[in-house]
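**Student:** As a plain string of letters, each chain reads:
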Amino acid sequence: MTAGDLALTTFAKDAFNGQTFDGLVAAHERMVLRVAYRLLGRLEDAQDAAQEVFLRLFRNLDRIGADPKAWLYRVTVNVCNDHHRRRKAALERDSRPRPEADSALDPERALALEERKRLVTEGLQMLPGRERAAVVLRDIEGLSTAEVAGILGVEEVTVRSQVFSARLKLAKYVRSRQ
Amino acid sequence: MKCQDCETFLAEGEISAIVQEHLRECPECRALGRELAANAAALESLRNEELPKVAVKIPRRKHVCPWVAAAAAMFAVALLLPRRPPEKPLVGSRVVVQPARLTRPQKVEPLKIKMLTPDPDVVIYWLIDN
Chain A
76 MTAGDLALTT FAKDAFNGQT FDGLVAAHER MVLRVAYRLL GRLEDAQDAA
126 QEVFLRLFRN LDRIGADPKA WLYRVTVNVC NDHHRRRKAA LERDSRPRPE
176 ADSALDPERA LALEERKRLV TEGLQMLPGR ERAAVVLRDI EGLSTAEVAG
226 ILGVEEVTVR SQVFSARLKL AKYVRSRQ
Chain B
4 MKCQDCETFL AEGEISAIVQ EHLRECPECR ALGRELAANA AALESLRNEE
54 LPKVAVKIPR RKHVCPWVAA AAAMFAVALL LPRRPPEKPL VGSRVVVQPA
104 RLTRPQKVEP LKIKMLTPDP DVVIYWLIDN
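Respectively, the protein sequence lines represent chains A and B.
First residue of the first sequence: 76, per the numbering used here; consecutive thereafter.
First residue of the second sequence: 4, per the numbering used here; consecutive thereafter.
Hints are all accurate, no fakes.
A few chain A residues facing chain B, derived, Cβ under 10 Å: (1) 118; (2) 121; (3) 130; (4) 211.
No wet-lab data here; the hints were simulated from the structure.
Note that this is a predicted model, so its numbers are computed, not measured.
Every residue, glycine too, gets a C-beta built ideally from N, C-alpha and C.
Given only the sequences and the hints, what does the whole structure look like? Please build it.
**Tutor:** Set out below in structure tokens:
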């Protein structure tokens, strides 16, 4: 292979990778941002995390394997875990007072969906990181237990236990706010 | 069935006939079941929530065409080369005729300029006759 051939091959590879990268961003941008938002609870943080995820994608384009979606889920969870750890101390310092439960509210009245979504979103932030990741992937993303286990690198029984615990905690949290 | 067992089944989403029987008799587990179902619907609806697009900013490597770089390098070298001073006009000069001498022409090596490009595989040599 001549130097010219080599240069041409490199150029073609770059061009191919560039196209793949843009395609992957377009296809999974919403998913990455959605998961990051549910894991971090703040849109600004989620956007930063998504940026970091796609930067890692760009750098590891040759190594992501045959299932880019699973790779992106895994990296998004990892990036958000890092982000969450860094932010945890700041969050604790800046914790705003929670609104008190309205005792006058009719306990039988079902919460409007929007209100419940808000409470569930709030409740997600109260969960331990592993449980939050498991329930976001299982219940928001709709992945199977096996898929979640593969992404998080744990056994299926662990995922079931984490999801079970997270759902009960969320139910108790929402009930305490009604 | 105990409430604790029912709670486990409810949280795992396994609503069997035995669980349903317990729910009919136990208002607390029934309330928990409603709560879990409503939360599940809320979580699922978050999947379709509209979020703003991510402005992905990836620092891309700039591709410089090697021939453009080579041309720019040649132009720069040409600007830096010493120029021959203009010849003076032959006004009032004397022409001296000398016998021709036969000398072997000296072999003068051309000036060789090596130019490197951003691509390590492309090197440009520029030969200038003296």
